[in-house]
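Protein sequence lines, in the order shown, are assigned to chains A and B. Residue 227 in the working numbering sits at position 227 of the first sequence, with consecutive numbering throughout. Add 411 to the 1-based position in the second sequence for the working numbering, that's all there is to it.
Calculated from the structure, these hints are not laboratory results. Where hints are given, some of them may not hold.
[Unchecked claim] EDC-like mimics (lysine to aspartate or glutamate), calculated; alpha carbons at most 16 Å apart, straight line: (1) B:K513 - A:E304; (2) A:K344 - A:E304; (3) A:K390 - A:E292; (4) A:K50 - A:D126; (5) A:K320 - A:D284; (6) A:K34 - B:E419.
[To be verified] Cβ-to-Cβ under 10 Å is the rule here; a few derived chain A residues that face chain B: (7) Q74; (8) S77; (9) L90; (10) E99; (11) R103; (12) L108; (13) G114; (14) V115; (15) D168; (16) S351.
Quick caveat, the model's predicted, so the values are computed rather than measured. Ideal Cβ positions, reconstructed from N, Cα and C, are used throughout, including at glycine.
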Amino acid sequence: MPRITVNNLHKDFRIYDRPQDRLWEILLRKSRHKIYHVLSDISFAVPDGKSLGIIGVNGAGKSTLLKLLVGTLQPTSGDIEIQGQVAALLELGAGFHPEFTGRRNIYLNASLLGVPDENIAELENDIIEFSELDYFIDRPVKTYSSGMFVRLAFSIATMVRPDILVIDEALSVGDMAFQRKCVERMNQFRAEQKTMVFCSHSMFHIQELCDTAIWIDKGKIREIGDSDKVVGHYEDFCNSKKSYNSIREDIPEELEEQKKDSSDDSEPAVQDCRINSLSVKDSDGNLIDELEPLTSVTMEMEVEVLKDGIEGNFGFAFMKSSEEPHASFLTTEIDSVEKGPFHKGDIFTVSLTVHHFAMRVGEYYVLGGLADKSGLLWYETKFSKQLSIKPNKGVGPIIMDSDWSVTRKQV
Amino acid sequence: MFVTLLREWVSTPATHYRLFHNFTRQDFFAQFTASIGGFLWLFMTPIVNIIIYSFVFGYIFQIRAVEGFGETQFVIFMMIGYLPWFAFAEAVSKSTGLLVEKAPLITKVMFPVQVLPVVGTVIPYLTHGIGFGVLLLYLATQGLLSAAWLLLPIVLFFQFLFTMGLVAVLSALCVFLRDIQQMVALGVTVWFFLTPIIYPITMIQDEATRQWFLLNPMHSFVTLYREIVLLGEISPINLQIIIPVSLFSYFFGGWLFMRIRHAFGDVL
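Isolated chain B, as found in the complex (with noise of 0.2 Å):
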């Protein structure tokens, strides 16, 4: 039962591939369909966000290098944290919607519901990855280009995993328990504060407030970003815990997805 579940949740962008495509394609056009901004909207808040924080960090309070990364300025310090982080952040922020807005769909028609939190992952991670490929580009052609930039699909990857985990699972718990919607956009603006990506860690003085960080799993995937990008090389502690926590998310979400989808119906 846990086996079959399990099998059924991973290989269903395969089995499904059809819907899966199509569902991909029709939400992620549909995010700038209606509007004459069209693709540009979708662009919008990294950048004004990453304009307003580097006013605040950068010529407010006077960050300028940071500490363990050379010369590099606190902008792009900052955006290589920020761009995964958003496309992070929407996938969670937008889990909770994606079953109830689809409830007339769940309802009317049978279809493999897990494709939607797997679709909900994928389309934030394609729209802004776009944005980290850009900004990646440019920092190639500066001459940070190193071996250790084959690590960057990898970290990323996992990155998506612990992301689909999570939505799966705030995407079922949500149809139950609509408050969720409310907690989940309050925590990620308190998530966000608690990873360091507009503040370099080593501002924290004390070394053992520091260790607590390595709780949050976003911690250590914004530092491998940097590492990889900024230095070439990494610090093996936080691989060693974005991998287990990463599958334990995927898969442990996953199942529950697969264990409660009959329920979504009668509640729906």
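For reference, chain A alone in the conformation it holds in the complex (with noise of 0.2 Å):
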């Protein structure tokens, strides 16, 4: 049973040029407005116990339509069918008043949704709890950093256990401890069979926490599908974006107009590049998702040029999340290596060899891609598959190297 149906939904604003536009309209009764489509024909379905991430660029219209699930804004035409209670984080803390104490603002913000007051006064301690808030529960919320501030929001609307959770880049906020707490919460909505709308430029979050992902661009779905799947074709395309305005830059005012004007047609942007392949294997050559600490390891990509004239640099990168380099391998400062002008149709395949990887615990994604001569944006990237490294002895993150060597002093 769908929890979520969405049909045909779309929404449009009205732009008045002056405010004072919008009464004339009303006494006058002639049209003053223009339409602005922020959403046109969404469709889909949440099935119950599932969750969905949405993404899209800033401007998209995910915000609009997050409110519109939560009912805050009225569809201008489509429907939306919603079974069961709805919990949203939409802004963090709307509701709070500033001069109150956390206490007491858990009451006005757990009865906004919908939570009875004996319940809060149960659930009250957990709220604290889980917030990590202390003694500062007892302080005015005025007082609170932005981060202790989105704790309390978010341990408020995951506790009073809804139906639907709705959130809206909730958990770029907290720290890492709470992220990774609120990542557990969710995990933990999931495996109670909730169903979730989430909503991030964290594509990290989107693939850990969403089984399906809804790309918008320019309030129309681009795509809807398995959250990984998405979220891979959504970072190619924001890659190829980022490297075609950092070109831009070199370009006369006259081609830029026109630029302007062609890339208003939706049509993607021509790529520069493509990564066919990365892989990563041990010194045997043998391929890996596992390595030994202090080994070597070799990653290795083919990588194919798509337009003429391209300058730049190949790499390597240990990544932690997507945005989170531990280590990273340039070609920049490399004399021996080939940097362009390259042409339509070369291909390169590009390996790197680690020796003594260092890293003693974790999990790690590979990076590989092409980035432009300075070496600061990458023209395309390729994550490889997680690549753990096997338990061993010892403490701290870095192994390294090494020779021991005791004597005992001859007496």
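Two chains, two separate frames, one set of hints: put the complex together.
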């Protein structure tokens, strides 16, 4: 049974040049607005117990869609059916009163979410504990840091046990430890077969938490499907856009005008290159997804150039998440490596061997790609499957290649 | 449709009692939680105003006893009208900010928005009802208590309904037209001087002019309080005015608010 069904949803905003136009329109019954289509023809369904991620660039209409789902905006046409109680975290701590203590705010906030008072009293301690606010819970909310604010808001919204949880960009504010806790809580939600709708710019979280994803572009569904797949395509799109923007600075102004016009046709920008494959191998050449520390590891990728005249550097990195590199390797300073200009159709096989892999614990993704001349912007990147490090003895994040020497002093 | 909206409007404090209760508590205490003077500040404005008006009218203009109200002092006469007026004026003045200030909440959280005008009306009445209560208590000990006083809660209740309807309309319209904020601030001042609060209506010599005051429902409310408290008897004309006017204001205001509340999200 679908928890959320959305059919042919359209949302228009009326744009008035001046605020008084709105009044004249009501009085004179003559149209004085322009229509701006925020969302058009959106249809999807979220089955019970599934979670949906919404991705898209800024201004694509993600937040409007969430507001429509929650009910604070009314659709222009089309319908939304929702089964069950919804708790929304569209703005962190909307409705918090800055002068009141966190504890006081729990009550109003929870009753806004539709929880009876007796239940709030029961939940109060859980909420305070989860938010880790300790004695700050009895301090006015205005004294809170933004992280504390979010923690309290998130704790309340998830503690009231809604059937459907709608979250907009909530995780990006808290510190890492709290983010992890939130992800745990949300996974617990999924395990309890609750439904979630989640909008974020962190592709990592979307992949981690969502079964399906919708990519919204200029108010329309560009792609809907398995979250890994959609996120992959979206990242490709963003990366190609990034390089396009950075190159644009070198173009004379008239050309830029033309570019702007053509970009409105919603055709994808011409890609500069493509990473055809990326693999991680051990010293014997076997593909691996697990790694013994202090051994050698070879990363290999095939890069195909799709445009003439590109100059750039090859690079690899060990990434902790999609945004957090732990070690990086670029050919910027390596004179023996070709740097272009390349020709359309050139295919390179790039391989890099790291000796004595020094990270002792954790899981990494290998990123391979082609960056621009400065090495600051990626034309194109690709992530490997997760690479985990085999358990080993010791403490600390790093292991170093070392030799011992212990000699006893001869008496 | 019409009936459903009205039913929802009328039953709001009951169906959403928890929310209503928590909102009222929060907004009531929010009035003074950040200041040291706290609760006292709420009463400073009416008290200082009363002192000013007594000085100007009682001392400078030498209005002593008011015609038709026996030996009553001018200060008492004025206070009986001024305190209920102040609750009304406060509710109406603040109504324009009710929804606009809560914009983040209205656009981000789904909740019955109609509790806001209800809470916005309850709070000034709760606050300044205390002042009026103290005054009545004092007058009761002065031997003015009579059976007619039983009418007081009823008249106050109608004034409350009248206010609530007005608050609902103004708060909703202000979402679309912010200018109402300034217009209301001015309007309340004008309304104050057009209502015989700091002057007895008997000071207006012309009988025809006096009839015009019947168009002002606040005049009827103020007169009723004075008649009940000071004379122990009422002129039915005022009661005949306030009952239909209050009910109309309450139902029409509620209906209008419920009718356009879905558009708030788009505009705020």
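The hints, checked one at a time:
For the suggested pair B:K513 and A:E304, the alpha carbons sit about 54 Å apart, so the restraint of at most 16 Å is broken. The straight-line distance between the Cα atoms of A:K344 and A:E304 is roughly 8 Å, inside the 16 Å bound, and the hint therefore holds. With a C-alpha separation of about 5 Å, the suggested pairing of A:K390 with A:E292 holds against the 16 Å cut-off. Distance check on the hinted pair: A:K50 and A:D126 sit about 25 Å apart at the alpha-carbon level, beyond 16 Å; violated.
Between A:K320 and A:D284 the alpha-carbon distance is near 25 Å, which puts this suggested pair outside the 16 Å criterion. At roughly 34 Å between alpha-carbon atoms, A:K34 and B:E419 are farther apart than 16 Å, so this suggested pair is violated. Because the beta carbon of A:Q74 sits about 5 Å from the nearest beta carbon in chain B, less than 10 Å, this interface hint is met. Because the beta carbon of A:S77 sits about 14 Å from the nearest beta carbon in chain B, more than 10 Å, this interface hint is broken.
The restraint placing A:L90 at the interface with chain B holds, with a minimum CB-CB distance near 4 Å, inside the 10 Å limit. A least Cβ separation of about 5 Å between A:E99 and chain B falls short of the 10 Å threshold, and the interface hint therefore holds. Because the beta carbon of A:R103 sits about 12 Å from the nearest beta carbon in chain B, more than 10 Å, this interface hint is broken. Because the beta carbon of A:L108 sits about 5 Å from the nearest beta carbon in chain B, less than 10 Å, this interface hint is met.
Because the smallest distance between the Cβ of A:G114 and any Cβ of chain B comes to about 8 Å, under 10 Å, the interface hint for this residue holds. Here the hint on A:V115 is kept, as its CB sits about 8 Å from the closest CB of chain B, short of 10 Å. Against a cut-off of 10 Å between C-beta atoms, the interface hint on A:D168 holds, since the closest Cβ of chain B lies about 9 Å away. For A:S351, the interface hint is violated, the least distance from its beta-carbon to any beta-carbon of chain B being 51 Å, above 10 Å.
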